[in-house]
Amino acid sequence: MSEPTVRIQKIRRDTVKTRLIIFGTLAFLLLIGSIFSEHLTPYDPYLQDLSNAKAAPSAAHPFGTDRYGRDMLSRVIVGSRASIYSTLLLVAIITMIGTGVGVFCGWHGKWIDTVLMRISDMFLAFPGLVFALAVAGVLGGGLQNAIIALAAISWPKYARIARSQTLSQKETPYLKAARLSGSGTWKIIFKHILPNIMGPILVTSMLDIGTMMMELAGLSFLGLGAKPPIAEWGSMMSDTRSLITTVPWVTFAPGLAIFVSVMIFNLLGDTIRDYADPKSRSSS
Amino acid sequence: MQTEAAQLRQIPRGAADAAERDAAGSDAITELYGDKGAVAQEVIDAKKAELGLDKPFVVQYFSWLGGMLKGDMGTSYVSGKEVFPTFVSKLPATLMLTALSILMTVVISIPLGVLAAVNHDKISDYILRFLSFVGNSLPNFFVALLLMQLLAIKLKLLPVISNGTTLRSAIMPTLTLAIAMSAKYMRQVRATVLEELNKDYVTGAKARGVRNSVILWKSVLKSSMLTIITLLALSIGSLLGGTAIIESIFMWDGVGKLAVDAINMRDYPLIQAYVVWMAIIYVLVNLITDLLYHALDPRIRLGVSKE
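In order, the protein sequence lines correspond to chains A and B. If you read the first sequence in the working numbering, its first letter stands for residue 1, the second for the next number, and so on. If you read the second sequence in the working numbering, its first letter stands for residue 285, the second for the next number, and so on.
This is chain A alone, in the form it adopts within the complex:
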C-alpha cells in the first residue's frame, strides 16, 4: 500500500485533534463530577427506606433501589469518587515509582541496575492478577491494600520503559554537552532527561487507566478492595449479586458505570497515543 498523501495526513491529524477534544472533555467532566459527586446526588446514597426497597427503575429512581431502599443512581454517583480517584492514585503511584526506578537504573547503571532489573523481571514472571490477589489477600483487603497490591505488580513495566529511554538519552550529544558545561546530576535528570522521556511514559499510563480501574474493581468485587457500606462500584456489584435473579438493575447499574468510565479513559488513552505517535495510527 502506498504512503498516505499529505492531504490525507492532515485530515487524519485534524480528526485526532477533534477526538482529543471530545474524549478529553468527557474525561474531565467525569473527574469534575466525581469530585462534586456528593452534591450531585438526587437522594442521600446512604439513606435507607425499607418501604421502598428493591423498587424497579422509574422516573424517581432511574436505576431503581437496592435491598435497603437506597437510591442506586445516587450510590453509583457517589461510588465514582472511590472508583475513579483510587484508580488515578494507583496509576500516579506506579508511574512515579516505575519512572523513578527506571531513570535511576538507566542513569546509575552498574550493579544496582542489575539488581533492580532482576527484581522487576521477577515481578514480570508472575501472572499479574494472581500475584495481586495473593498480596491483597495477605495484607487483608481494604481499598488502600488493594492499591498497594496492584502497585506492587505494575511498576516494572514503567521501570523498563523509563530505563531504556534514559539509556538512549544518555548517548545524545546534547546531554554530553550539558555534562561538559558542568550541569549537576539532579539538574540533568530533572531538566533534561525527565522532560524528554515523559511522553512515552505518560501515554502508557493513560492507556493503563482503564485496565487498572477494572482490576481494582475486580479486587473489590472479590472482597479484597473497598468494603461495604462504602459506595465503590466493584464492591457494590458483589454486595448485590445475590439479588440478580429478582432485581438485576441493582447489580448492573454500577457495572454500567465501570464500563462507561473505562471506555472513556480507553478512548482518551488511544487518542493521546495517536496524537503522540501518528505512525501507529494506521495499523491499530
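Derived from the structure by calculation, the hints contain no laboratory data. Being a predicted model, the structure only gives us computed values, none of them experimental. We put the CB at the ideal spot given by N, CA and C, even for glycine. Please note: incorrect hints may appear among the correct ones.
Which residues of chain B face chain A? A few of them, derived with a C-beta cut under 8 Å, are [claimed, not checked]: (1) L431; (2) L524; (3) S532; (4) M535; (5) V559.
No more than 27 Å apart at the CA atoms, straight line, and that leaves these computed lysine-lysine pairs for BS3-like [stated by the list, open to error]: (6) A:K17 - B:K406; (7) B:K406 - B:K468; (8) A:K10 - B:K406; (9) A:K170 - A:K110; (10) A:K187 - A:K176; (11) B:K490 - A:K157; (12) B:K468 - A:K17; (13) B:K502 - B:K483; (14) A:K157 - A:K170; (15) B:K365 - B:K490; (16) B:K406 - B:K490; (17) B:K490 - B:K506; (18) B:K502 - B:K406; (19) A:K10 - B:K506; (20) A:K157 - A:K110.
Here the structure of chain A is known, so what remains is to put chain B in place on it, guided by the hints.
The following block gives chain B in isolation, referenced to the frame of chain A:
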C-alpha cells in the same frame, strides 16, 4: 490437634460476607477462631506455636521454602489437609476451563481478526473494531453477571451456578473468559495480519496476478502465525488471573475458587501454593512458546538473524 482444626473448619464465606467484617487487623488465627466467641489466650498461643506463626517472618519463610523444595507444601490451616493433594485434585477443573477458553478465543478471534484486516477501513472492519473496543472495556465479572442474567435467568438455557465440572456448566465461564480475551486478541491478530499485508512481497505477488485468496492463505497467514501464537501465549497470564474471579462467580470447583476462599480465610499455605503453581504454569507456557517458535521459524532454527 488436626481433628480440632477440622472441627473448627468453617464453610468458606463469599466475598461480600467476608468483606462485611473489618478484616484489616485479622490474621489466620482470628479467622480460625473468629466466630467462636472468646477463646482463651493459651489456646490461641498453642495454635500459633503449632502452625509456626509465632516465629519471625524470615524463619517462617525459610521453613516454607525448605518444605517446598522437598515437595512438601504444608497443611491447610483451615481443613487440616495437606495442601498438595487438595491442590492437585482441583487443578484439572481449572486446566479444563483454561483450555476451553483458549480454544474458544482462537475460534472467535483469529477468523474475525483476519476478516477485519482484509477489509481494512471498510464497514465490517469498523464494526469489529468497535466490538473489540467494547469487549476491552467490560470487566470480566460484569460479563459473567450479564451472561448469567441472559442465559440462565431470562432464557433458562443453563444452570445459574455450575453443578460439577461438566461441559454444560463450563459454557458460561468459558464464554466469559473468551469474550474478554478475544477482544484483546482480535486487535492483535488484525494488526499483525495488516502489517504482513503491507509488505512488499504481497504487492509483488499481486502484480504477478496471484489470486488474493492464495496470497492470504499460503503466504500471509503462514508468516503471521508466529506472532499470533506468541501473542496468544502472552495473554495466558491474564487468563490465569481471570479464572480466579470467574471460578468464584460460577462456583467452578477449580484452583482459582480454592485460592479466593483461602484468601478470605487467611489460609496462607494454600495461597502460597496457588501463587507458586500459577507462576510455574506461566513460566512453562512461556518456555513452550519459545520452543514452538524455534520449531516454526526456520530463520531461528537455522541460526539466521531476522532481517
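How the hints compare with the structure:
1. L431: B:L431 check fails; min Cβ-Cβ to chain A is 11 Å, beyond 8 Å.
2. L524: This interface hint holds because 4 Å falls under the 8 Å limit.
3. S532: holds, 7 Å
4. M535: violated, 12 Å
5. V559: The hint holds - B:V559 has a Cβ within 8 Å of chain A, the shortest such distance being about 5 Å.
6. A:K17 - B:K406: Holds: A:K17 and B:K406 sit about 22 Å apart, inside 27 Å.
7. B:K406 - B:K468: holds, 20 Å
8. A:K10 - B:K406: At roughly 21 Å apart (the allowed maximum being 27 Å), B:K406 and A:K10 satisfy the hint.
9. A:K170 - A:K110: holds, 15 Å
10. A:K187 - A:K176: This hinted pair holds, its Cα atoms lying about 13 Å apart.
11. B:K490 - A:K157: violated, 41 Å
12. B:K468 - A:K17: holds, 25 Å
13. B:K502 - B:K483: holds, 15 Å
14. A:K157 - A:K170: This hinted pair holds, its Cα atoms lying about 20 Å apart.
15. B:K365 - B:K490: With a Cα-Cα distance of about 66 Å, the restraint between B:K365 and B:K490 is violated, given a limit of 27 Å.
16. B:K406 - B:K490: Cα-Cα ~20 Å, so holds.
17. B:K490 - B:K506: holds, 17 Å
18. B:K502 - B:K406: Satisfied, since the Cα-Cα distance of roughly 24 Å is no more than 27 Å.
19. A:K10 - B:K506: Answer violated: A:K10 to B:K506 is near 36 Å, above 27 Å.
20. A:K157 - A:K110: holds, 20 Å
Going through the hint list in order, the structure does not satisfy hints 1, 4, 11, 15, 19.
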